[in-house]
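Visitor: Just so you know, the sequences run in chain order G and P. So in this note's numbering the end of the first sequence lands on 258, straight run, no missing numbers. So in this note's numbering the end of the second sequence lands on 316, straight run, no missing numbers.
Hints are all accurate, no fakes.
Taking lysine-lysine pairs in the DSSO-like style, the calculated list, with each CA pair at most 27 Å apart, reads:
{"id": "1", "chain 1": "G", "residue 1": "K106", "chain 2": "P", "residue 2": "K312"}
{"id": "2", "chain 1": "P", "residue 1": "K314", "chain 2": "G", "residue 2": "K100"}
{"id": "3", "chain 1": "G", "residue 1": "K82", "chain 2": "G", "residue 2": "K100"}
{"id": "4", "chain 1": "G", "residue 1": "K166", "chain 2": "P", "residue 2": "K32"}
{"id": "5", "chain 1": "G", "residue 1": "K82", "chain 2": "P", "residue 2": "K312"}
For the record, the hints were derived by calculation from the structure and aren't laboratory data. The structure presented is a predicted model; accordingly, all values stated were derived computationally and were not measured.
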Amino acid sequence: MIRFSQVSKRYPSGHEALSHVSFTLVKGSFTFLTGHSGAGKSTLLKLISLSELATRGQVLVADKNLARLKGNRIAAYRRTIGTVFQEHKLLHDRTVEDNVALPLVVAGTDHSETQRRVRAALDKVGLLNKARRYPITLSGGEQQRVGIARAVVGRPQVILADEPTGNLDPALADEIMQLFLQFNQVDITVLIATHDYRHLERIRCGVLALSDGRLVSGEQDA
Amino acid sequence: MPKQISVWLSRHLQVLFDTLGRLCKTPVTSVMTILVLAIAITLPMILYKIVDSLESVTANWIDNPRISLFLESGTDADNPDPVEFGQKLLQNPKIEDVQYISPEQGLAEFYNLDGFAEAIEALPSNPLPPLLIVVPATGRDNDATIILADELENMQGVDTAVYDQQWLNRLAAIVDLFQRGVLVLACLMGIGIVLVISNTVRLGIINRAAEIEIIDQVGGTHAFIRRPFLYAGALHCFFGALFAWGMTNMTLYLLASPVSRLASLYESDFMIGWISPGIALIVTAVAISLGLLASRFTVDRHLRKLKPG
Ligand SMILES: Nc1ncnc2c1ncn2[C@@H]1O[C@H](COP(=O)(O)OP(=O)(O)OP(=O)(O)O)[C@@H](O)[C@H]1O
Ligand SMILES: [Mg+2]
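Next up, chain P with everything else stripped away, as it sits in the complex (with noise of 0.2 Å):
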């Protein structure tokens, strides 16, 4: 038995190394095609990873809402002291958590980014009333949130309460419309790689045309015949994908500084970070298949031409 196995892992391994000799003799041809083939796999790459770094950024978001409650300015008498208003809003069961910020921290916080300092100089005064920023413990349950917004907006000393919901929706539309595009990236990224294999194989077949029908001739089986070929697509695709991953995270590093100025003018700290190997595992696995599979319909449809008549 095992003698079995060494003979049967040695007949492969040789094909393995005879498919990469190939390769390595047409080297302008073989390095094209794996680049189309890196191309194809990439696009959907990047867009999955971008999609998914805004994912998880939303999904925070919309699981964390905060109410933005603007106290009304000024130092009337009516007005409640803000650090005291929050106590008080404390003891209501539906909020979890109050955090107090001066007109002077959030006049400092504008201070800092970009392009704002010189418009802040230019103010005589200090423009922004007292907030406090209120997180709800209705957690997800947006409607109860909203009706607590108002509640809150009725309050003696509220000017207005924020909550943002909208734009949120928003942007979950965003990253739900990426998403589809992700998945049809994908698909279009399927059909390419059969194409491009389907038509590689069909070349090399074209090419070996006289040593497969010797092959038949002298008694090799269909899958004799068809292994170079399969190990061809394979080879292929395997190297496509790990292109695919270099330049996904080249482009990925290439994206990510202006991605991170752009999320601080969000006052956010999202990025987007790196493939990680799991998903390359994963693409690579399904671009060989994709790769066996065109191979393996090509050599057959060649194949049938070979029965005897």
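Pulled out of the complex, with its shape left as it was, chain G reads as follows (with noise of 0.2 Å):
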């Protein structure tokens, strides 16, 4: 589903956030993603949900070669990715369910449509009672939920979690990690950016470990 070869990220700054990244996560795989603070996780992420290019090295998803898409492709190859920032990056002046539509609205989804599968995601996440309230109302964890709603909404192929569970207590962390592995019985390709060691000994899954913009352990073919 996802396979880096021989991938590397430099900034403008002449920062080597990434260098010589290779692996393969299969179809349906739940995956987390490691490192200490400024390893290049959200790089990483970035490069898959198609913020950021890589300077070297390729990028498939889907079998997609992310290098290649232009325009409107962009666009489309991002409906299928379903991603959860690190900062919540919600709407402030929109409520909830308004929040969650957005990825429905821009696919052009009709309005029934939308406002069903808006329950069904918001519902999942224990966030139906909230859906007429403004995201600043909402605790941090609550926020973060409907981050996660908006993130499944479309139905998406992959889902990309940037430290989903940062600031949550214990708890709601192992509560949120549930979420996602229900996510993954239907086959969504999941991965999630952490440093949150407990989920790795509690959850069975692949762990890419990075240090210093290189993988130190993971799969290392292609």
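Take the two lone chains, each set in its own frame, and fit them into one complex as the hints suggest.
Guide: And the structure:
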């Protein structure tokens, strides 16, 4: 599903955030991406969500070479990826349900279908009763869950999550991990960046470990 | 197919109402922007209307030249009777029509003009000569008309023949100048619209930068991101043009009575009239097109920054 071959990313500042990273994630896999702060976790996820382009090497997702995508193809590709951002990135002048509906609205999904799927997604993250609230009136954990609902509402093939449990208490963090595991049950490929090692012990999954932009453990083929 | 059209329509209507809602949320800013646009559009419209009206009058005068034939005054036996003289002139193939204005008629006309009554009453006798207004058959052929005027002046009993082409030429030159002025003002209007809309859209983009970034991240196309800004540009211009139409007609209304007084001093029933709906429609269409162009250009400049780097 996701294949990196000899991928390097150098930011315009000259800093090489990733160097010669190669790995393959098969469809339906569940993988943690770990590493110290500044190791390049967010950078790796941004290469997959096509916020950044690799400086060298190839990133293939569902057999598409991301470097080749242009214009509306980029937008169409992003609709197949659900991203949970490190800083929730919610729109504060829109209600929770409007925030969650955004990926469907941009995809041109019709109104009743949108309503239905938004409610289903909010139900899944346990926020159905707060659909009409504004994000600012929710706790940090609730905002994080709104972000998750928005990431899954478009039925993506891949879910990327950047520190989704970063500022949550352990019980809530476990709950959210359970959510991701549920999504994984329906054959969605899940990649989660975290430095909460507790999860690694409890959940059976693949691990990609980064250190200073190099892959130090994980599938090194390709 | 009809379903797709209704989906497309409902999506556009939603953006339209959303954009209208945003305009209403910041009423002071919106109204100020719209008024600036309206003023930019009003100036060339007013000048255009004045020039257009002037032109129709001068064209009428130029197309229908007149020679004023002042006959020798007094009851000299050598002088022909003005009416008979006129009949004789009509036999000239170069003359289409002759109209006699007696000294009494002439004086009466002056009497009715503003400010002349007292001066006329102070006169001991009627100083006006008999006047024949000659309509030449030469039409727009200016040179032929001048030759005819010379011939007429040399006839027995004629004092002077006045063919006041120079005055008309001057007027035509002034109209030309004003027409150029309309063009210049219209260009300035275009530049003004583009600048105002670019700036408005630029501020809108800054206000909604976070939203644009998120929409881009969740897979919104550039067309989707662009749409509300295109509507904002078009709506501002639409309301600007609407206000401009109102402001122009109001100005023309305020000008109407002094203009008709001035025109009556020139013995003309010149009137400026109103901006026709046709012209208003064209101006609105041009303004909206410029607004769309300016917002499209401004959004695209921002969208280039969203490309993955
Ligand atoms: N836009 C950017 N321009 C320049 N350098 C950047 C940029 N984004 C990240 N970096 C650098 O790249 C390196 C990796 O950053 P990245 O955000 O991927 O780390 P991370 O593993 O996600 O860290 P954290 O756990 O703190 O989120 C860091 O040294 C960072 O300073
Ligand atoms: Mg990070």
